[in-house]
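Novice: Heads up, this note's numbering is the position in the sequence shown plus 11, with the first residue counted as 1.
Hints were generated in silico from the structure; no laboratory data involved.
Please read all numbers here as calculations on a predicted model, not as lab measurements.
Just to be clear, a hint being listed does not mean it is correct.
[As the list claims (entries may be wrong)] When the alpha-carbon atoms are kept at most 20 Å apart in a straight line, the in silico EDC-like pairs for lysine to aspartate or glutamate are as follows:
1. 159 to 117
2. 159 to 137
3. 159 to 149
4. 159 to 27
5. 159 to 34
6. 159 to 70
[Stated by the list, open to error] Distance windows between CB atoms, simulated:
7. 82 to 115: 26 to 32 Å
8. 109 to 73: 30 to 36 Å
9. 90 to 37: 32 to 38 Å
10. 110 to 55: 17 to 23 Å
11. 79 to 158: 34 to 40 Å
12. 68 to 158: 18 to 24 Å
The beta-carbon is built from N, C-alpha and C at its ideal position, and this holds for glycine as well.
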Amino acid sequence: MTESQSPPPYPAEIFDVLESLLEEPTHVLDATAGEGALARALIARGRVARLDAVEPSPESIATARELPGGCHPDLHWIAGAVDTVPLNPPYSLITADSRLYQLPWEPTMARLAAVLGPHGVMAIVEQGNHRPPLALADELIARGLFRKSGEHRALPTPYDADDSQPIDVVATVVWGRPLTGD
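Working from the sequences, and respecting the hints, build out all of it.
Specialist: What follows is the structure, given as structure tokens:
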């Protein structure tokens, strides 16, 4: 996927919310990095000391490294599945997006609970033209895998990638603690 084919950027308001959730030390884990849209933008803002971005696809990591901010010295790419790769905890913030749907939820959430610092939070960021009919955070809560502490829905942000029909990007952040499901 080229930069012009990438999904719309997250609204800046989302990063303000994510930064407000940071605790010292500001170590962040992006559990579903993809090409690093969240990771690259968050590390570029300068408040994060270290960001570990996990992505199973070496091709996506290679693409991410070529995009703006992809080679930031405090951004560390980790190839593999977040429930099994070596990590460098504790993390004060863990981010995940809709790609979390594709992972085995119970082992993934148990792993995230284990690497999150005692005062840290996990933030689930969903983006699109509307909120999905079955929101990821709601499904994790229903299964006993996530305890919600807060939610913020960003104002719709106009996006026009290639002078075609502009869309309004809507992004929601839900934060709380991952649970082991026990």
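Novice: None of the hints should be skipped; say for each whether it holds.
Specialist: These are the hints, each one checked on the structure:
Restraint check: the Cα-Cα separation between residue 159 and residue 117 comes to about 17 Å, which is no more than 20 Å; the hinted pair holds. Simply put, residue 159 and residue 137 have alpha-carbon atoms about 15 Å apart, close enough for the 20 Å limit, and the pair holds. As the CA atoms of residue 159 and residue 149 are separated by approximately 9 Å, the hinted pair is consistent with the 20 Å bound. For the hint pairing residue 159 with residue 27, the CA-to-CA distance comes to about 19 Å; that is within 20 Å, so the pair holds.
Of the pairs offered as hints, the one joining residue 159 and residue 34 holds, with about 18 Å between alpha carbons and a cut-off of 20 Å not exceeded. Using a Cα cut-off of 20 Å, the hinted pair residue 159 and residue 70 is violated, with the two alpha carbons roughly 33 Å apart. Separated by about 31 Å at the C-beta atoms, residue 82 and residue 115 satisfy the suggested range of 26 to 32 Å. At about 22 Å, the CB distance of residue 109 to residue 73 disagrees with the hint of 30 to 36 Å.
Hint check: residue 90 to residue 37, Cβ distance near 24 Å, so the stated range 32 to 38 Å is violated. One distance hint, 17 to 23 Å for the beta-carbon pair residue 110 and residue 55, holds here, with the actual separation near 21 Å. Look at residue 79 against residue 158: about 35 Å separates their beta carbons, and that is inside 34 to 40 Å. For residue 68 and residue 158, the Cβ-Cβ distance of about 30 Å falls outside the hinted range of 18 to 24 Å, so the restraint is violated.
Against the hints set out earlier in the document, violations occur for numbers 6, 8, 9 and 12.
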